[in-house]
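*Asks:* Since the structure of chain A is provided, determine the placement of chain B on it from the hints.
Here are the chains, one letter per residue:
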Amino acid sequence: MWRLVQTSAMLASLLLITYGVLRTDDRADPRWLLLLAFVAVLWSVALWPRAPLARTARPVVHVGLALTVGFGLVAIQIVRAQLLDRERILARASDPTSGVVDVRRYLGQRDAVRGRILMRDGTIVAQDVVGPDGQRRRVYERASAAYLAGYYSPGLFGATGIEAAYDDVLSGQAVSNWRTWLDGILHRNRRGNDVVLTIDPELQELGQTELADRTGAIVVLDADSGAVLALVTSPGYDPNRLSVPLGATREDIERARAYLRSLEEDGRGPLLLRPVQGLYVPGSTFKTITAAAAFEFGIAQPDTVYRDDGALAIDSRVIIEQNRPDPSRVSFTVREAYGYSLNVVFAQIGLQLGSQRLEAMARAVGFGEAIPFDLPIAPSQIAGTPEFLTSRVGIAETAFGQGQLLVTPLQMALVTAAVVRDGTVPEPFLVQEVRRPDGSLVESRKPTTWRRAFGQGTAAQVRDLMIWSVEHGYARNARIEGAVVGGKTGTAEVGSGAPHAWFVGFGERDGKRVVVAVVVEHGGSGGQVALPIARALLEAALAPR
Amino acid sequence: MTREARLRWLELQLLVVPAATSLVGLLTIYLARRGETRWSWSDLTVSLVFIVAVLLTNLWLTVLRVRADQLLLPIVVMLSCLGLLLSQRLGPTISETGVWASLSQRQLAYLLVAFVALWITVALVRRFDVLRRLRYTWAVAALGLTVFTMLFGTDLGSGARLWIDLGPITLQPGELVKVLLVLFLAGYLDDHRELIASSYQVGPFRLPPLPYLVPLVAMWGISILAVVLQNDLGNALLLFGIFLVMLYVVSGRPLYVAGGLLAFAAAVAVALRLFPRVDQRVQIWLDPWAKPSGIGMQPVQADLAFAHGHILGAGLGFGYPQAIPVVATDYAFAALAEELGSLGSVAIVGLYVALVMRGLFIAVRIRHSYVRLLSIGLVSVLGLQALIILAGNVRLLPLTGITLPFISAGGSSLITNFIIVGLLLRASEAARG
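Chains as they are written, first to last, in numbering that gives the first Met the number 0: chain A, 0 to 544; chain B, 0 to 432.
Same shape as in the complex, but just chain A:
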């Protein structure tokens, strides 16, 4: 009988522990501590001496029992901390917002050579270099792409970009087979694997030169695979000045910290990776999405005619048309309205669509979602507040790209990619391969489709619009000899200062399809400022090699 009670008490305690571990996140969660109190009682029952004891021995045995149960609870806490909660604790510490400094993550730098970061042709972006003082530090070679690598700075206890996202691979911590596992156990010197980016150094360099000291962002994608060919941000920063090895002198660390502080306080935000994290008003480039919605939901065809007599009154607001090529013309097809970027026509289309269908299309191309990518990205938003799209003015403004829209250049590039890919959005990627130090392949990225944005028919119709815009509309200067080019300019009004200049487009030649998105902050007219940059990049990307 007693034996049965003791066995079941032990089993019950195990069940309680399992339940507690599954339900609580932290070892000092009051619920878990309460549970441990129950476990202590159960264990006392389970371990209670069965044999009759001498009167003098009984209290001593009880003392021993109490201490044993206590040490048992300590053992449970140890197992939680070191095995069961391990991933949770480490994940919590690696969250940059937690404010935790996890030095041990950077210890790898001490005994392992970190893998290199390369571009698609083998150009080195980042590698470990042993200085004359014998100290190994991280050196970033190409200024135009260095910020993609991010920085790796054990001295500052920080890492960003690819250095942070692929830390396991670069540091050699990732266990890919039993050999690397054994090396880890034996503390053999390991060398991390190399990470190969999809970046084309020439395009990247060209993008950087084109933007020069203007603030802005460029994305160039291979439309077929989703590979990022160029990802330019301006202004950037020099990761070399931030990379401080462990054991650096106090001076070095202070200098790096001062530089980091100056970057953080710089109003232009050089630490922001604008193509994927910068949020901009899209301006007229958003008309691509409105047009896609109109075709997809059967509201209009490219040839449907709308009236535009220079102004449109919606409730109390009057939208003035500034873009008509000929002030005497009052009727335009959707194709022409897109090519001439007529706000009044798109306001009407938007009102016909209504907020639900407009929003549905924006969501279909990826708005409001974290685009799967190798680096942290900012999701694009269709409206800041849900109420905004309940007003007719809000819908109209959103339809031609103003309102409360905020998009990343990457998002606009993906929309364009969907247009040339018969309606599917590719999953963009920046890392194409991981290679061992000897050059052999560990893994390579297989291009995948992220989602379907719209039907094949819609894609063909929007593609037609974008080509017309370049052939006959305001994007005429984007034409490239021997290639099919489509695109849309955008001049996004912002609260203060000159408007943001936008261009999104694609180019096709010899089966190669490339999309580009360019934004220049407060650059002025999209056609005059962003378009030439985009054209240069398209031309370079399509050039036969």
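Mixed in with the good hints, there may be bad ones.
Stated by the list, open to error - Covered stretches of chain B (chain A as the covering partner; in silico rule of three or more C-beta atoms under 8 Å from a C-beta of chain A):
(1) 288-300
(2) 345-352
(3) 387-394
Keep in mind that the hints were calculated from the coordinates and are not lab data.
Source: prediction; values computed, not measured.
Built from N, CA and C at the ideal position, the CB exists for glycine as well.
*Replies:* For chain B alone, coordinates are given in the frame of chain A:
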């Protein structure tokens, strides 16, 4: 009474394990620090000194013809071997000012002094009657030391005067007071054994007798004062815990113990409400992640140390325990857990359980009631102290500033604990069979 000297074979054989551990561990630490695989005999000096001290202890016990238990010493030596390794490992990573030697050198010196203290204790204490007769002397000494420290002591950053500054070295008399208290209580409680076990009726209630009640209330008051005045929850818990254990062993009445515990818990609960400093300790216990770079830094970094340890640990010398503030005293266990992994850390807990169990096993078989009570008291000093600080390290309880016996850095606690071991060794002679 003459006895022939007999070689303590079992002890000697068991001591091979800590000796080997100290050699391998020390070499690992040095090689890991230098990042190479070449070594010389001079790297092993510390370990060899340690091994010689251990062997001399074994020899000394043989020469004195001590028929003491042969398992106690190997367990203790294993634990202090880990402590020594930890100090050698942490020493070069911690920068200190105003101390007479580095942590590594200090800990080795303290350990040698502690061994000498053990030898002296074993040599001096032949008859426990003398200790018993001096029971009130111990009480006065304990009281005197405590008052002296409160008046003339210095504060080394814990917010309480717990240390006596002697220039290059500082003493922590609180450590010795624990032993003195046990010596006094064992005599006092054994004197009043019969009375304590009885009870008398007041109206409908059965009350414990006065010789029981008076010291109970007094101890409760002193412990609570320690919590309030010195912000020293750990020591209060420890003192009160030792007292309750000894009372229970004498009286055999669990209800009184439960009552004492409840009164203690109630008083602590009140202290939490009244004193923000005590409350803060509880807050960083429950949620250190709220302020990971401020007061929560210690527990958060300890959590990370545990997590990085995983199953096999980083390996001695390969972790980064110095990321935990005040690691050598407060978080010695977390540092070992990081480098030895969960296998190692659970094994250390197992060593403490073995120590406590062996101690109690010896105590149960002692016929002499005073010696039995004394050894139970001494074992519970070690056991409770280890339990409280381990529980603090793994966030089972709020962290307290008491030391991990034999492992934490610090001379006072090391020497005191070795004196306890000496007393236990002598007491074990009185055990039957």
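*Asks:* Between the stretch 345-352 of chain B and chain A, see if three or more residues pass the 8 Å beta-carbon test, and mark the coverage as holds or violated.
*Replies:* holds (count 4)
*Asks:* Verify the coverage statement for the stretch 387-394 of chain B against chain A, using a C-beta to C-beta distance below 8 Å and requiring 3 or more qualifying residues.
*Replies:* holds (count 4)
*Asks:* Tell me if chain A covers the stretch 288-300 of chain B under the three-residue, 8 Å CB rule, please?
*Replies:* Answer holds; 4 residues pass the 8 Å Cβ test.
In terms of the numbered hints stated before, the structure departs from none.
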